[in-house]
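Peer 1: The residues making up each chain are set out below.
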Amino acid sequence: MAIVVDTYMIGAAVLIAAGGYAGLVIVWSDLRKWVPEWRLIAQSRKENKPLICLTSPGSGESVFVLGNKDDKGDPTFDTKGQFGIQVDPQFSGEVIPERHKNGLNIYHFATTLPFAIDSRHAAAIQTSISTIRRKIPALSVLSDDQLGALLTTDQDDLEEYCQTFVDILSADRDVDIDPRNLRGLIVQALELLSQTPIRGGWTSYAYAFRNISTAYLSQTLQQYGMLIERRAVKNANDLQKTLLIYGALGMAGLFVLVGGGIAYSMIAG
Amino acid sequence: MTDSTAPDPYDPDSPDMYDDAPEGIDGDEYLPAQDMEIGPSYSANSTSYTPGQQQYDGPHYQYLRDLYTSDFLGPVVAKIQMSHLSPRAKRQLISSALEISSNSMLLSSQTKTDESETSFLIQLNLVEASCNKVDVNLPEYPHLLEQLRELTRLHATRTVGKNRERMQQNRQTIENIQQMGERDDEQNRKKGFGLFSVFGRGGD
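Chains as they are written, first to last, in the numbering used here: chain U, 75 to 343; chain A, 141 to 344.
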């Protein structure tokens, strides 16, 4: 059968192709604009690497980073250009990632902490603070940071630290609490929390990260690594310098011997 | 010129430099360097700081002891104890302060100050691992760290360089402090009423 290619047919084909390209451009720009993480998500599924969700504890804003590693078996992820160091939860402890369909695993990190937490930890922190605030109103004199610091203090140090807190609190406002009473309230709070089940419902990773009481940042851990590296490099440089000096001395000695030999042979000859 | 009213650091009968220590500090916890043993003792199980009482007779040993101790260490430890840091942070900070002033740190034949600075930064890193958020938000925290940093810097520079404050390179050269002072005076003295210095060094 003969196909007649006339102007109308070419025009129709061009129109269909143009429409297809326009559609592709629209989908592509939509994808780029509204799902900027699509490539990371695709890569994560394709290469079987976890996705790191970095949350800023202050604003709650999060970004996705692919869980790459410099070497296989490295305990930390390679997150260059991001914040500090993120330790692989396979090394740091039992953290369950968010498991999505087709093998997409997401770990939640803070921009300020080297270790990941999961939704159970976030819910536990939230439950602890809300339970104490509701059931022990006498502790309302303490801020969330102060409460967290006292709850994580060893029992041996608790009395001394309660005295310090009373000193801090009574310095700028009239607080009617004595150290022994404060210690009793903290012990009561710890006992209460040991019997309180973790509540379900909504959880906020930003809130949880904000209320973890440690001051050790992922940036601090990164600095630690850099300091150890600096020391290793310096030791290597020192060794190199020593070898160079000995090498130069050896060469100088050799020149003297050879020169002396030639001079002797010339004089004697 | 020597001030006759100032306490003599080498005289055991001289009045304590820290008799006017702040209220609440025990005199024994607030001792200057001359009453400290090299490598002061500190119990890790308590927050009390107990410097030694060892004395040396020979000026050479006296000099070495002064070179490797600091009269500021006692006050800074007392200051850490009085601060509002958590007990855990206090313990680590005191431990770090003692470590950066220890003999092993100062006698480690350093030829540059980089090494002691790196050690100090590692110590600070460990201090931060023992701190909570309340600790690092206290105004005292950066103050104490900066004091320790300055103490370390001065300690480290004592043993480094030919014309530095002290001469102790690799435990081989020991120079008398008086000789150093005389040499400095000699250098500072203007020759020919300072007229030649105009040509020699471009004038003052």
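If you are wondering where the hints come from, they were derived from the structure by calculation, not from laboratory data. Given the structure is predicted, the values throughout are model-derived calculations rather than measurements. Any given hint could turn out to be false.
[To be verified] A few chain A positions that, by computed beta-carbon distances, are all more than 12 angstroms from chain U:
1) 212
2) 270
3) 294
[Stated by the list, open to error] With a cut-off of at most 16 angstroms between alpha-carbon atoms, the simulated EDC-like pairs for lysine to aspartate or glutamate come out as follows:
4) A:273 / U:121
5) U:209 / U:144
6) U:175 / U:218
7) U:123 / U:111
8) U:123 / U:145
9) U:143 / U:162
10) U:123 / U:104
11) U:308 / A:286
12) U:308 / A:257
13) U:123 / U:80
14) A:273 / U:168
15) U:308 / A:254
16) U:123 / U:162
17) A:273 / A:211
18) U:146 / U:121
Every residue gets a Cβ at the ideal spot worked out from N, C-alpha and C, and that includes glycine.
Peer 1: Evaluate each hint against the coordinates.
Peer 2: These are the hints, each one checked on the structure:
1. 212: Holds, since 24 angstroms exceeds 12 angstroms.
2. 270: 9 angstroms, violated
3. 294: 21 angstroms, holds
4. A:273 / U:121: 38 angstroms, violated
5. U:209 / U:144: 49 angstroms, violated
6. U:175 / U:218: It is violated: about 37 angstroms lies between the C-alpha atoms, which goes past 16 angstroms.
7. U:123 / U:111: 14 angstroms, holds
8. U:123 / U:145: Between residue 123 of chain U and residue 145 of chain U the Cα gap is close to 13 angstroms, so the pair holds against 16 angstroms.
9. U:143 / U:162: 9 angstroms, holds
10. U:123 / U:104: 26 angstroms, violated
11. U:308 / A:286: Violated, at roughly 25 angstroms.
12. U:308 / A:257: 13 angstroms, holds
13. U:123 / U:80: 53 angstroms, violated
14. A:273 / U:168: Violated: residue 273 of chain A and residue 168 of chain U sit about 24 angstroms apart, past 16 angstroms.
15. U:308 / A:254: 9 angstroms, holds
16. U:123 / U:162: 11 angstroms, holds
17. A:273 / A:211: 31 angstroms, violated
18. U:146 / U:121: Answer holds: residue 146 of chain U to residue 121 of chain U is near 13 angstroms, not above 16 angstroms.
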